[in-house]
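Engineer: Here are the chains, one letter per residue:
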Amino acid sequence: MTLAQLPVLEVVVPLIAAPLTLILRRASVAWAITMAACAFSFVAAVLLAAEVARVGPLSYHIGSWAPPWGIEYRVDALSAFVLVLVSGIGTAVAPFAWRSVAAELRSDQIYLFYTMYCLCFAGLLGMTITGDAFNLFVFMEIASLSSYVLIALGRDRRALLASFQYLILGTIGATFFVIGVGLLFLKTGTLNLADMAVRLEGLTNERSVLAALAFITVGMSLKLALFPLHLWLPNAYTYAPSAVTALLAATATKVSVYVLLRFYFGVFGLHLVTQVLPMPEILMGLSILAIVTASLVALWQTDLKRLFAYSSVAQIGYITLGVSMASLDGLTASIVHLFNHGITKGALFLLLGIVALHAGNTQFASARGLARSMPITALGITLAGLSLIGVPGTAGFVSKWYLVLAALEAGRWWLAALVVATSLIAVAYVWRFVEAAYLSPPTAQTPAAGDTPMSMLVPAWLLVAACIWFGFDTSFTVEGARRAATLLLGAGP
Amino acid sequence: MSGAQLIAAAVVVPALGAVGIALTGRWPNVRESVTLATAALLFACVLALVPQVMAGTRPQLFVLELLPGIALGFRVEPLGMLFALIASGLWIVNSIYSIGYMRGNKEPHQTRFYSCFAFALAATMGIAYAANLLTLFLFYEALTLITYPLVTHHGDAQARSGGRTYLGVLLGTSIVLLLPAIIATWWIAGTLEFLPGGILRPAPSNATVGLLLALFMFGIGKAALMPFHRWLPAAMVAPTPVSALLHAVAVVKAGVFAVVKVIVYVFGVDALAATGRADWLPVVAGFTIIAASVVALRSDNLKRRLAYSTVSQLSYVVLAAAILAPLSVIGAVLHIAAHAVGKITLFFAAGAIYTAAHKTEVSQLDGIGRRMPWTMGAFAVGVLSMVGLPPAAGFVSKWYMLAGALQAAHWTAVAVIVASTLLNAAYFVPIVYRAFFRAPQGKTHGEAPLPMVLALLASALATLAFFVFPQVPLALARALPGS
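Protein chains in written order, with this note's numbering: chain A, 1 to 493; chain B, 494 to 976.
Source of the hints: derived by calculation from the structure; they are not laboratory data.
Any given hint could turn out to be false.
Footprint (simulated), chain B over chain A, 3 or more residues, beta carbon under 8 Å [as the list claims (entries may be wrong)]:
(1) 392–399
(2) 404–416
Computed Cβ-Cβ distance ranges for the label pairs, DEER-style [what the hints assert, rightly or not]:
(3) A:A53 with B:G683: 34 to 44 Å
(4) B:F930 with A:T302: 53 to 63 Å
(5) A:S28 with B:H602: 38 to 48 Å
Just so it is clear, CB atoms sit at the ideal spot from N, CA and C, and this is done for glycine as well.
Let the hints inform the model, and build the full structure from the sequences given.
Structural biologist: Written out as structure tokens, the structure is:
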């Protein structure tokens, strides 16, 4: 019985947790509820993924209303994979938040933080699991609105401005998305994604369908921070509280990529996206620009959070580069990197949260001589940085392998060369940190050695360990991504 | 123990040793005992495999599947056996030397030093035993990263800039050139295993083979083919034991080892010769030999001169392998071992001079042979080996290289070997002359601490022994397919 209800419980449990934290108000109670809800969703996601791998896609009808009239929750190889990432990160960040939030937020705001955290978490999971276009939009708004609040909670006053910037651009993105969905609804008369895909067959040359594709592309590109629509991201990541940056960087943009993949290959179909409109070329051009410019900009940052925020823009470029190749290996690379980059950035931002706890900021000057006062944290950042570069034996290497392989298969030698050459820029910005932490004398800003709470150190290091684990054991990531890519390329009309 | 267990032990023992060293850091004598015990145990594990490999079996170990179809796996063949023997054997000698050097010079961060050193040996063993290109690449990159703290040991501006060059060139070449070459090989051949006769089937076009060869040869930056040789002189900022074992033996030999391995087991000697796309390689290697020798000739700093001599000697191995003649391949393999024992002796002597007399420049060495007769005697043996004269190791390998070049009627190679022999003599013999036949200057001093002298005598003896008893290396070299 319970297993059959899991798809809905996955989302409903954190969604109910949100008002509970609001009502009960005590910070410790709110945290405990959040922790329990996140952990439940993670366990449920893992069970769902195992079930999908065993029996194939699961379909859950909300209120027993059969699709396409009722809302369908659909767990297949792709959504199960993303659910595991999102719920896993949410569960890792929640224990970290306990001490980190207590240090960074006003005490009367803490319960509100957990309310928003639960909402954001539920929204991201809902976007992933739903098979209904309008329901997806609703969850997107839940996740977005709560993330605006979460960012605004940052202790720096500039957090307000960053949140406002994100609010404006995010709202434009969501509006574009809903216009696209509206056009599709006009044409097909359905909101169920699978049904929509069937009904779109034969309509591929309709101007309104092409317009819908354009609106959804732009809307989601804003949300996933594709260059040059990434302008909200660096500020949002820099000024948000540490726990929020880790959660958003590891999950929010990834779920948006998921939505784009779902619409491109699951609704519009390969033919429309690659033959009728030149989406691959456009995506490829923008991805390359994202990788090159954002990596170069990252090199010059003086704040570590900002540095890794720009690095995120570049890494998203690698993900969309994989999408742009629209081949089995390209999509595998894209989906694998979605996961691998999620855990890598999650680890990095959590570790930076520890630096922020002791130093009060994440300026480069605070990292000087860090290896002496905080050796465990400095080592963690270095190891996660190696995964960001894509050194063999780390998760990042696996992504790079498939990306280069996909480029070679497509006969694009120059693209393979570009992928490997740009990872040298990642070497350069990661090594700026390594040199500062290990080879520079401490400055007045360097935090003194202090006790880091285990509740922060353990989750951060679990993610660092995951970066290495998934560099050696690729059975979950690569096989999961391959199944998802096969599904996307085979299931689309 | 079975072959698989011995392979696992060779990688795990030094890694565990590194952890043990880190844990016993507070008690220096215990810590150094852990290093020596680990080194001895590792050598025993490597030695125990020799009879099996000599008998023709190829012990192997499958650990896990890294990527679908590509294993993290090990297989010991003659070339890897020889490399592992040399590296692990010299680690024992080098550890004794390190104790004298690090304590004699009161170096800081000794625990980190010994610990990274042990990890570097674990990575070296992984390279030596790797069964496929991906496993080799994994340990190759690990070796680069774990030796970075050793290169930047002193933590000053010079170390930082040396470290940048070191990491920039080694990571840069491996990521930008070697990795695409490996992925392209996987794409073409559908396998990355090292197999006799090569794996490039169906045979790609000659142009593709040429491009792949260039990506591999320049991508293996540790082989220091010009123009990617700058990291090696940059690495000389490290304490001398690092230069001795890692930048004369483990790291650089990992480079030329990978070059030979790729030519023999990925391209296949005969298959590569048939394409005719390897003709440029002897020219590049020959240029590197001569150019590096000229730089060495002009360097007054002793360690820098030794580093450029290493650049030059590494290209001997590449040159010999690239001639693609059976005898020259034997020469290449022998030279990996012969250069190792000779060059480590020279570095040991350079470090001993620095410790005892605080001298780093060749021009300061007048008469030092009278004050440090054992050290400079060993140095002279090393010089004999570098020039390629009997009764030293270098003679054996040079003999085979020259024979191979003549066999293939490769006159460019013959000319390069002869010319560089003269150059080697020109930049090494004057040091010996200066040391023994000029009057000493400055304060009097004696030999370096005893552990250092013992170590350098041991390696000098090994250099001589290689000439007298070349049977084991020769047998291993002959067992290589294509030789």
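Engineer: Give me the numbers of the hints this structure contradicts, sorted from smallest to largest.
Structural biologist: Violated: hint 3 alone.
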